[in-house]
Amino acid sequence: MRGGPARHDEGSLIGRVLLAVWPSVSLILAVMMAASPGFLTGTGVGALLPVAVIFFWSIRRGAPLQAVIVFAAGLMLDLISHGPAGYWALVYLVTLLMAATVGEFANGSRIAGAAMLAACLALAFGVQAAVSVAFGAELPGSIWMATAGAMMMIGYPVVAWVLALGAERSGLDSGTRFSLRRLS
Amino acid sequence: MALFERNQIFLARGGAKPRDSALGFLAWVLVGVAVALLGAGWINPGVFGTWRAQMVAAIAPVAATVSVVLEPVNQVWVRLAGTATAFGEAAGLRADNARLLAAAARVDELERENADLRGLTRFAGAPGVPRMAARVVARSPGGLSRTLLIGAGRNQGIQDGYPVIGGEGLAGRVVQTQDDSASVLLLGDRLSRVPVYIGRQQARGVLAGTGADFPNLEFLGGGSAIAEGEMVTTSGLGGVFPRGLLVGVVVRDGDGWRVRLAADAVPFTVGVLQVALPALDVGEARAKAPERETAGARSKAVVK
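So the protein lines, in turn, are chains A and B.
Letter by letter, the first sequence follows residues 849 to 1032 in our numbering.
Letter by letter, the second sequence follows residues 4 to 307 in our numbering.
Since the hints were made in silico from the structure, they are not lab data.
Be aware that one or more of the hints could be misleading.
[What the hints assert, rightly or not] Just so you have them, the derived chain A footprint on chain B, three or more residues with Cβ under 8 Å: (1) 51-63; (2) 92-100; (3) 133-141; (4) 157-165; (5) 185-198; (6) 240-248.
Here the structure is a predicted model, which is why all the values come from computation and not from measurement.
Note that beta-carbon positions come from the ideal geometry of N, C-alpha and C, so glycine has one too.
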């Protein structure tokens, strides 16, 4: 038996519960962090954190993150930020669809994966910009957006590590081709 | 880090079946719902007001808890960001310091003169507007809105329209109150409009939020001679804000003018904003102070 915290068996009740809720819980936590006052203030990275979480879960086999959860998480951020209802919900849903689509082309290459994440981040910015124009708001500068995207790309491995840690403990990866258990 | 290495970060779904078509269909349906909600909000920004207030009231305690848990992390970020920008600001601050020292001497002189004149006219002075401090529990992460959610609401005496002060200047106003929380529309939000006076000549204008950091100055009075660096204060016209609250300073932007907000200097992290309570007189506000201190665990009542 290996040291460290025990990993829940896929068949155990706790394992099944964690397996069901961890992707959703991680997305809700990401949204709450994005709305937290002072969290990476002024960088624009906060709003991209849920995008990274959606990307992480969407490119995994089994697609454990449900569209309705993504919609609810986006709507929650709309409510907290007192913005127009549907804004963040739309951004995150479009990201989910994009990530699910490009995930089909993933071949395990980190470069390909990074390009896919960049595409998802660019799409998220694009939807934000389109809706902002429709509502008559001023667009953030392209340098600001590029910086925020680059910071999210750099920080993504940390996000992925945290999510993977939770996934392994809940046994979420036991059914995937690249099973953490098998690889470990 | 072993986990980091063995779990491919960009994990392929190789061999996986495409996402269920039913799930994809549901996602597209929800995209349609989101667009419909946006359309409704575009036509009438106040739509879903009651429903929104109820939902925010339910979410606010969770947001407050998360903000408390994340506060140490946020403080680290604020310190790091502050250190990074401090070097660039040092030179400017030295110049500002020299200018302020000269201004302070001038203020001393004016204060003495003012005291003499008050004594001559037996001027009693206007009572100060009572204020209370409230903790910021959430903020918009960018995008289309610039708002804050504060941990004080109707139960603490806050009402819609109350001005909110952040550090040195006006930050925004309360636009929606719940029992123990309230939403604050910041001056930079695209829906924010504030009548202002500019400079010593008190030229009239309207501070119009655009969603960017520096709001625009619009509807400037004819023949207004505005110079960069002039102070912008609330005019009190329209009755929403009291007159004389500091808003910021004028900066040039091409052919137009913008305002660098005074309240932007405050990192909304420790979350103590001042909410002016114009509906209460000073005595009433003081009487309510003990209630506020016990009513909200995270709303510190500081009535001046």
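Outcome of the hint check:
| no. | hint | result |
| --- | --- | --- |
| 1 | 51-63 | holds (count 5) |
| 2 | 92-100 | violated (count 0) |
| 3 | 133-141 | holds (count 3) |
| 4 | 157-165 | violated (count 0) |
| 5 | 185-198 | holds (count 3) |
| 6 | 240-248 | violated (count 0) |
Going through the hint list in order, the structure does not satisfy hints 2, 4 and 6.
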